[in-house]
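Top line first, the protein sequences correspond to chains P and F.
Following our numbering, the numbering of the first sequence begins with 1 at its first residue and continues without gaps.
Following our numbering, the numbering of the second sequence begins with 1001 at its first residue and continues without gaps.
There may be inaccurate statements among the hints.
Unchecked claim - Once the Cα atoms are required to be at most 25 angstroms apart in a straight line, the calculated DMTMM-like pairs of lysine to aspartate or glutamate come out as:
1) F:LYS1378 x P:GLU42
2) P:LYS146 x F:ASP1478
3) F:LYS1553 x P:GLU154
4) P:LYS146 x F:ASP1505
5) F:LYS1380 x P:GLU50
6) F:LYS1553 x P:ASP47
7) F:LYS1380 x P:ASP150
8) F:LYS1553 x P:ASP25
9) F:LYS1553 x P:ASP150
10) P:LYS146 x F:GLU1493
11) P:LYS146 x F:GLU1148
12) F:LYS1553 x P:ASP49
13) P:LYS146 x F:GLU1559
14) P:LYS146 x F:ASP1286
15) F:LYS1553 x P:ASP148
16) F:LYS1378 x P:GLU50
17) P:LYS146 x F:ASP1136
18) P:LYS146 x F:GLU1383
As the list claims (entries may be wrong) - Interface residues of chain F toward chain P, partial, derived using beta-carbon atoms under 8 angstroms:
19) GLN1006
20) ALA1169
21) ILE1189
22) ASN1193
23) HIS1197
Claimed, not checked - Selected chain P positions facing chain F (in silico; Cβ < 8 angstroms):
24) ALA15
25) TYR22
26) GLU23
27) ASP38
28) ARG59
29) GLY64
30) ILE70
31) GLY72
32) PRO132
33) ALA152
34) GLN189
35) PRO192
36) ARG194
Don't read these hints as lab results, they were simulated from the structure.
Everything numeric in this text was worked out from a predicted model, so none of it was measured.
We treat Cβ as the ideally placed atom computed from N, Cα and C, and that holds for glycine.
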Amino acid sequence: MKLTLRVWRQPHAEAPGAMATYEVDGISPNMSFLEMLDTLNEELVLDGDEPVAFDHDCREGICGACSLVINGDAHGPEPTTTCQLHMRSFQDGQTIDVEPWRAAAFPVVKDLVVDRSAFDRIIQSGGYISAPTGTAPDAHATPVPKPDADFAFEHAECIGCGACVAACPNGSAMLFTSAKVNHLNVLPQGAPERETRVLDMVAAMDEEGFGGCTLAGECATACPKGIPLPSIAAMNKEWLRATRKVRR
Amino acid sequence: MSDYTQYGTGAPLVDEKAPAGPVADRWDTRRFEAKLVNPANRRKHTVIVVGTGLAGGSAGATLAEQGYHVVQFCFQDSPRRAHSVAAQGGINAAKNYRNDGDSVHRLFYDTVKGGDFRARESNVHRLAQISVEIIDQCVAQGVPFAREYGGLLDNRSFGGVQVSRTFYARGQTGQQLLLGAYQALTRQIAAGNVELHARTEMLDLIVVDGRARGIVARDLVTGEIDTYFADAVVLASGGYGNVFHLSTNAMNSNATAVWRAHRRGAYFANPCFTQIHPTCIPRTGDHQSKLTLMSESLRNDGRIWVPKAKRDERPAGEIPEDERDYYLERIYPAFGNLVPRDIASRAAKNVCDEGRGVGPGGQGVYLDFADAIARLGKAKVEEKYGNLFDMYAQITAENPYETPMRIYPAVHYTMGGLWVDYDLQTTVPGLFAIGEANFSDHGANRLGASALMQGLADGYFVLPSTINDYLARNPHTDDVDATHPDVAAAVAETEDRINLLLSIDGDRTPDSFHREIGELMWEFCGMSRTEEGLRKALGRLPRIREEFWRRIKVPGTGEQFNQSLEKANRIVDYLELAELMCLDALHRAESCGGHFREESQTPEGEAARRDEEFSYVAAWEFPGTGGAPVLHKEDLVFEYVHPTQRSYA
Chain P
1 MKLTLRVWRQ
11 PHAEAPGAMA
21 TYEVDGISPN
31 MSFLEMLDTL
41 NEELVLDGDE
51 PVAFDHDCRE
61 GICGACSLVI
71 NGDAHGPEPT
81 TTCQLHMRSF
91 QDGQTIDVEP
101 WRAAAFPVVK
111 DLVVDRSAFD
121 RIIQSGGYIS
131 APTGTAPDAH
141 ATPVPKPDAD
151 FAFEHAECIG
161 CGACVAACPN
171 GSAMLFTSAK
181 VNHLNVLPQG
191 APERETRVLD
201 MVAAMDEEGF
211 GGCTLAGECA
221 TACPKGIPLP
231 SIAAMNKEWL
241 RATRKVRR
Chain F
1001 MSDYTQYGTG
1011 APLVDEKAPA
1021 GPVADRWDTR
1031 RFEAKLVNPA
1041 NRRKHTVIVV
1051 GTGLAGGSAG
1061 ATLAEQGYHV
1071 VQFCFQDSPR
1081 RAHSVAAQGG
1091 INAAKNYRND
1101 GDSVHRLFYD
1111 TVKGGDFRAR
1121 ESNVHRLAQI
1131 SVEIIDQCVA
1141 QGVPFAREYG
1151 GLLDNRSFGG
1161 VQVSRTFYAR
1171 GQTGQQLLLG
1181 AYQALTRQIA
1191 AGNVELHART
1201 EMLDLIVVDG
1211 RARGIVARDL
1221 VTGEIDTYFA
1231 DAVVLASGGY
1241 GNVFHLSTNA
1251 MNSNATAVWR
1261 AHRRGAYFAN
1271 PCFTQIHPTC
1281 IPRTGDHQSK
1291 LTLMSESLRN
1301 DGRIWVPKAK
1311 RDERPAGEIP
1321 EDERDYYLER
1331 IYPAFGNLVP
1341 RDIASRAAKN
1351 VCDEGRGVGP
1361 GGQGVYLDFA
1371 DAIARLGKAK
1381 VEEKYGNLFD
1391 MYAQITAENP
1401 YETPMRIYPA
1411 VHYTMGGLWV
1421 DYDLQTTVPG
1431 LFAIGEANFS
1441 DHGANRLGAS
1451 ALMQGLADGY
1461 FVLPSTINDY
1471 LARNPHTDDV
1481 DATHPDVAAA
1491 VAETEDRINL
1501 LLSIDGDRTP
1511 DSFHREIGEL
1521 MWEFCGMSRT
1531 EEGLRKALGR
1541 LPRIREEFWR
1551 RIKVPGTGEQ
1561 FNQSLEKANR
1571 IVDYLELAEL
1581 MCLDALHRAE
1591 SCGGHFREES
1601 QTPEGEAARR
1611 DEEFSYVAAW
1621 EFPGTGGAPV
1631 LHKEDLVFEY
1641 VHPTQRSYA
């Protein structure tokens, strides 16, 4: 396959960026999208140019590092992560635009790499259960109904990639935040901190400069792990419940 | 050529921290004998933790909970991305919730035997004891393990054992356990007890007056090289499987932290013990950047086969039942498809070498779910393995519900690592190694679902107990800072190396060298090794190194985000480590576990150990650049599990 790539190049956070055009040839449909970028980078290095910087690590769709907007879609045309997207999803001769996540709360570090530490700070505000090592009762002391355990798991699957924010017209982090709130709040172990968790995490999300949610639904469409849109409604319910109940 | 096959022999090594007495009492004894640090004094101590995977994340969180000041590093943008996240299958624990005859002693026995009698009994028994506490801890943190309709935890069986002791969260157990540790760590970051440096990579260890006192690290965004000081340093930087270029490790997993520590005096133990995982997706071409594992749990229900005839190119569905060879079930009737990883991998290699492999290049075998789907129904199979099937379909564009998966072995895990005593302390006082970075518990072969168990055992329970003893005996001092001559020297060495890499401006990319080393290691130090091949590799590696320093090309500067520079700097260390791996493999003329020397096999073609000569841990001392490595032997004593030839037939 032969392709034309238009790639966002930006030397560092403060410098202006622009799209640059590259031609790549000899691309196999079995390559992953990132292996195609590897091919481009090998050529750039040999020419003495700086390779295109992009975040990637496990290349198995689970670490959440890769983060490209491809032809306008977060993670490209398939419902998966960029690393699990293969070139068979593209046509020979196609022009492909490659951009970083675009959101005010995710500033560009270089080229296609952005700073997603805002997500870590949302988790720091309450996305955990306070259970210091050594304090735990036997694992079978508290049975968890299977539907609740499955509900928790389905939300815990979030890989923190940020595609939901990148896809949202408002740059909102509601789907990411709700995934963690729902994972922990449904479990009996998470009950003691149920109210403070949702209130603090929503407040942290707002402080980080993420936009508001207008239920556009783009987040759930872009999510490579299938976190469902009703997750946001479930968090809103938790939040309302907490505002009525909490004693501060 | 013979120069690089030489080594010296040093004094024997003894683990002085493991107490005597009955094996079941040793951990209690050690915890009682170890000195404690008064809670009020703990905040005066700083501990550096390098890495945020299962071992590092759990250690950082637990040390901070105890009151220590923790300074933690990860090269990823967030601690949640450490490669533990990719572990699929599960975590073992001797809970005996299935009432199927499991016990701490059985897990201990299985692990010593599975490791082909090259691990320490004391360490392995402690691991089995702690396994039950790990599950309790993780459930309390909200890890959503699979449950049954009654609300209790579900279990599955895993390769190499006959009981169901593996706890799991679909095919994403590593992710869920890592998020548990990450969240515990995060809580301590928010509380101000952990100072986290993300996108920061350790490039050297600072040793002053014989003690580990800090690290040299590079900020990967600004390129700034800085020093960090502490009263103890913990390496939780993972394994070194990426020496092979193609492996199931993450792209950025690397050996620099452990190799730099080795160069500063930490002995490296059993570097040739690497695990080749039997069930990975075969490669598709030269562009391949990494290999993807398919969880071993698939072997519970999938049946492995190849055609009986050589070069049979019919599609799988057209090969009748009586023309298929379910070779694991045929050769190992008792364990069948559930034999340990080393045995399953070698068997796959053997049938492919015979010309009976399937798929492009004949480098693959079938993993077939047709029987399981007929027996359990598609819905049940989908519930158990759905995400793995999806992943396979995504990568190969084939539907595993309809055609069998194709799998082939790939480098997956390294049992070798920094030598540590029972306290997990290396030969450099104040330097500890936990998780895959150490060598301690898996011997010559790791059993499935035991890596997660070991990482969390080390991080949540072992290190936080044993490090107290060191800190109590070495009170905090402020005598080391950036002006100390040993510190300035370490920084200058790091800067010189970075500047040299940038200045050569040759005509080969870092990746091209990585690929060359990887192919060499896979051929000569992979699934099957010979004296001749290892000597060849030891002759070639120095020539590749010489060429590297002449022809490497790294664009850009050191004062910026520069991924080519990161890669090139890691390859410098792979080049040296690869040599030590080959030397270790050459000196160990027996076969054991994942280390298969063709010269040492049973008449049936199984690994033949030579206990009289090789029942020891090989711990290598760095001799200084250009010198011959020095071998220190730690004899292994088996009081409870008597070495026998492993049999899974």
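Structure-based check of each hint:
For the suggested pair LYS1378 of chain F and GLU42 of chain P, the alpha carbons sit about 44 angstroms apart, so the restraint of at most 25 angstroms is broken. At most 25 angstroms may separate the alpha-carbon atoms for a hinted pair to count; LYS146 of chain P and ASP1478 of chain F exceed this at roughly 54 angstroms. Distance hint between LYS1553 of chain F and GLU154 of chain P is unfulfilled; the C-alpha atoms sit about 45 angstroms from each other, more than 25 angstroms. Among the hinted pairs, LYS146 of chain P with ASP1505 of chain F is inconsistent with the structure: their alpha-carbon atoms are about 60 angstroms apart, more than 25 angstroms.
Under the criterion of a C-alpha separation no larger than 25 angstroms, the hint pairing LYS1380 of chain F with GLU50 of chain P is inconsistent with the structure, at around 50 angstroms. Restraint check: the Cα-Cα separation between LYS1553 of chain F and ASP47 of chain P comes to about 10 angstroms, which is no more than 25 angstroms; the hinted pair holds. This hinted pair checks out: LYS1380 of chain F and ASP150 of chain P have alpha carbons roughly 15 angstroms apart, not beyond 25 angstroms. Our distance criterion of 25 angstroms between C-alpha atoms is met by LYS1553 of chain F and ASP25 of chain P, whose separation comes to about 22 angstroms.
Our distance criterion of 25 angstroms between C-alpha atoms is broken by LYS1553 of chain F and ASP150 of chain P, whose separation comes to about 50 angstroms. Among the hinted pairs, LYS146 of chain P with GLU1493 of chain F is inconsistent with the structure: their alpha-carbon atoms are about 56 angstroms apart, more than 25 angstroms. Straight-line distance between C-alpha atoms of LYS146 of chain P and GLU1148 of chain F comes to about 6 angstroms, which keeps the hinted pair within the 25 angstroms bound. Between LYS1553 of chain F and ASP49 of chain P, the direct Cα distance comes to roughly 11 angstroms. Compliance with the 25 angstroms bound is thereby established for this hinted pair.
Taking the CA atoms of LYS146 of chain P and GLU1559 of chain F, the gap is about 52 angstroms. The hint is violated against a cut of 25 angstroms. Straight-line distance between C-alpha atoms of LYS146 of chain P and ASP1286 of chain F comes to about 45 angstroms, which puts the hinted pair past the 25 angstroms bound. For the hint linking LYS1553 of chain F to ASP148 of chain P, the alpha-carbon distance of about 54 angstroms lies beyond 25 angstroms, and the restraint is violated. For the proposed pair LYS1378 of chain F and GLU50 of chain P, the alpha carbon gap of about 49 angstroms is over 25 angstroms, so the pair is violated.
Proposed proximity of LYS146 of chain P and ASP1136 of chain F is supported: the alpha carbons are some 18 angstroms apart, at most 25 angstroms. Only pairs whose Cα atoms come within 25 angstroms are accepted, and LYS146 of chain P paired with GLU1383 of chain F is accepted, the gap being roughly 13 angstroms. At a threshold of 8 angstroms, the smallest CB-CB gap from GLN1006 of chain F to chain P is about 37 angstroms, leaving the interface hint violated. With its C-beta approaching chain P no nearer than about 6 angstroms, ALA1169 of chain F sits inside the 8 angstroms limit, and its interface hint holds.
Hint status for ILE1189 of chain F relative to chain P: holds, with the closest Cβ pair at about 6 angstroms, below 8 angstroms. Below 8 angstroms, beta-carbon pairs count as interface contacts, and ASN1193 of chain F has none with chain P, the closest being about 11 angstroms; its hint is therefore violated. Restraint check, HIS1197 of chain F versus chain P: the minimum CB separation of about 12 angstroms is more than 8 angstroms; hint violated. Using the Cβ-Cβ criterion of 8 angstroms, the hint placing ALA15 of chain P at the interface with chain F is not satisfied: the shortest such distance is roughly 11 angstroms.
Hint on TYR22 of chain P is violated. Least Cβ distance to chain F is approximately 15 angstroms, over the 8 angstroms limit. This hint is violated: GLU23 of chain P has a C-beta 17 angstroms from the nearest C-beta of chain F, more than the 8 angstroms allowed. Nearest Cβ of chain F to the Cβ of ASP38 of chain P: about 6 angstroms, under the 8 angstroms cut. The hint holds. Among the interface hints, the one on ARG59 of chain P holds; its C-beta lies about 5 angstroms from the nearest C-beta in chain F, closer than the 8 angstroms criterion.
Interface hint at GLY64 of chain P: satisfied, since its Cβ lies 6 angstroms from the closest Cβ of chain F, which is below the 8 angstroms cut-off. Of the supplied interface hints, the one on ILE70 of chain P is violated, with its beta-carbon coming no nearer than about 16 angstroms to a beta-carbon of chain F, more than 8 angstroms. Against a cut-off of 8 angstroms between C-beta atoms, the interface hint on GLY72 of chain P is violated, since the closest Cβ of chain F lies about 21 angstroms away. With 8 angstroms as the threshold, the beta carbon of PRO132 of chain P comes within range of chain F, its nearest partner Cβ sitting at about 5 angstroms, so the hint holds.
Taking 8 angstroms as the C-beta contact cut-off toward chain F, the hint placing ALA152 of chain P at the interface holds, the least distance being around 4 angstroms. Interface restraint check for GLN189 of chain P: the shortest CB-CB distance to chain F comes to about 5 angstroms, inside 8 angstroms, so the restraint holds. Look at PRO192 of chain P: its Cβ only gets to about 11 angstroms from chain F, farther than 8 angstroms, so that hint breaks. With 8 angstroms as the threshold, the beta carbon of ARG194 of chain P stays out of range of chain F, its nearest partner Cβ sitting at about 12 angstroms, so the hint is violated.
Hint check: violations occur at hints 1, 2, 3, 4, 5, 9, 10, 13, 14, 15, 16, 19, 22, 23, 24, 25, 26, 30, 31, 35, 36; the rest are consistent with the structure.
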